[in-house]
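Protein sequences, first through last, are from chains F and V.
The opening residue of the first sequence carries number -8 in the numbering used here; numbering runs sequentially from there.
The opening residue of the second sequence carries number -8 in the numbering used here; numbering runs sequentially from there.
Since the hints were made in silico from the structure, they are not lab data.
Predicted model only: the values in this text are computed from it and were never measured.
The reader is advised that the hints may include incorrect statements.
[Said to hold, decoys possible] Interface residues of chain F toward chain V, partial, derived using beta-carbon atoms under 7 angstroms: (1) Arg370; (2) Lys402; (3) Pro406.
All C-beta atoms in this analysis are idealised placements derived from N, C-alpha and C, irrespective of residue type, glycine included.
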Amino acid sequence: MHRDTLKALSAQLAARKVSSVELTTHFLDRIERAQPVLNAFITVDREKSLAQARAADERIAKGDIAPLTGIPVAHKDLFCAKGWRTTSGSKILSNFVSPYDAHVIEQFDRAGAVILGKANMDEFAMGSSCENSAYGCVRNPWDTQAVPGGSSGGSAAAVAARIAPAATATDTGGSIRQPASFTGVSGLRPTYGRVSRFGMVAFASSLDQAGCIAKGAEDLAMLLGVMASYDPRDSTCLDHPKDDYVGGLARGVKGLRIGLPKEYFTKDVSRDVTDPILAAVEHYKKLGATVVDVSLPNQGLSVPVYYVLAPAEASSNLSRFDGVRYGHRAEKYTDLMDLYKKSRAEGFGPEVKRRIMIGTYVLSHGYYDAYYLQAQKIRRLIARDFTEAFQKCDVIMGPAAPTVAYDIGAKVTDPVQMYLDDLYTIPINLAGLPGMSIPCGFGNKGRPVGLQIVGNYFDEARMLAVAHAFQQATDWHAKEPPSFSGEGR
Amino acid sequence: MLSLQDVQRIAHLARLELSAAEAEAMQAQMNSILAMVDQMSAVDTKGVEPMSHPQEVTQPLRDDGVTEPDRRDDFLALAPQAEDGLYLVPKVIE
């Protein structure tokens, strides 16, 4: 069952060949066996999941079945789910049991989906390797010496290891696309404003966007159909008509204009990554697409711009953790100021502290114009590059990361080096565009390579169709890592 | 370049306690991050409008009505210390 697509699982549930309780139990058992090795989950609660599964089975028995009814979905542990511990990968939220549901969780709940568990992640989504989780690092199912990428590394590893049929995730600077690329799964970050941020633990509000990770584009289309919905509780959520993502999958790529930015194909990208990507582009040509050269001249500035804007917004967002209203409070303190400082010092990990410090500095008196305002201006230049590129092409393709997954521990000592790797995903967040990564081959040490597909604003339906066309013609997305669940491959 | 005093001043603004050793490590890391960020200063952005939202949209407005139910007890239950419907903190005013 764990190899099946969501469509196939949905059909089996509708035909009563399997119940949601059986399906959920199957995945919970797989998680239990894989957890000691992969650590893809922070919280699993069998009883809660099975109660939801029973409710789904009752719904199905009444013939009230929507596309995801009865299907278990893992949620990145920054989506608040009522009654579930929601940590955002941080010690400061280690005792936080959410009193409400995020909009995304409500949408899945309405569809009758089951919460399979809360997936591990870099603390507050700050990181590219899942080594910044307060709950231990996640391992890459393809090679347990390797990182799964981040920050949605738990979501990606869970889908890659087939211990979850699908997962939600978020992408502020590449946190869906890069781990999807590192673990050989498909990931979609929608247009900024497509999915509500209500109930998502905030990192950088002008960049954060919820999306999903699954085996293939068809599954992503089903998930986006559930997640994308206007919600007035998020003032940046856009009331834009939703497309029929599943219905539009088969439109093919004849006449599709693929833009290849020269900035994505430099010597800074490892050959073992570039080769499978160019092979995928050749495949698209065979399917009827054409290729045009485009340029994103300001792309190189995106890393400095991002590492001003994101920490600035984070320092503001994370000021709510005060040890007074919820979350961790230090045991010993002398006065209120000391309570704040000690609770935060104990609750936040090193990367989160670094970003709070940088953000506080760039927003402090006398530095705002030189850093924050200048970064916002360059952000516009970066976004304009894409507007111009999309005059000439329908989608942009390139790598999601300059290398395949690296070894655990390889980059933890030099934060700047890790930041620079985000160069291929960050520009899309700054522009607010939708982006995907789909598996397209393997590089060094047999580790997966992802093809990044960037679309124009609200063009998710086309992007999904483009990914689907490739996955109809190839089987990279169906490749599985060795089993961690005591079963054959 | 940030000095150790700068780092401690920023830490105070951020309400973070840093030990001497942490402050020293933080100083080196922040300076290397800021050196990377300083590439921005060479860019001519005269006349460029700062971008805070990718779409050209205005903030939606709604009627000024009560939309949230009163869930004071649920939220207070999450507090490290609460009593009689109030959050408890150390004495602030002598």
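Against the structure, the hints come out as follows:
1. Arg370: With a minimum Cβ separation of about 5 angstroms from chain V (threshold 7 angstroms), the hint on F:Arg370 holds.
2. Lys402: With a closest approach of 14 angstroms, the F:Lys402 hint is violated.
3. Pro406: 6 angstroms, holds
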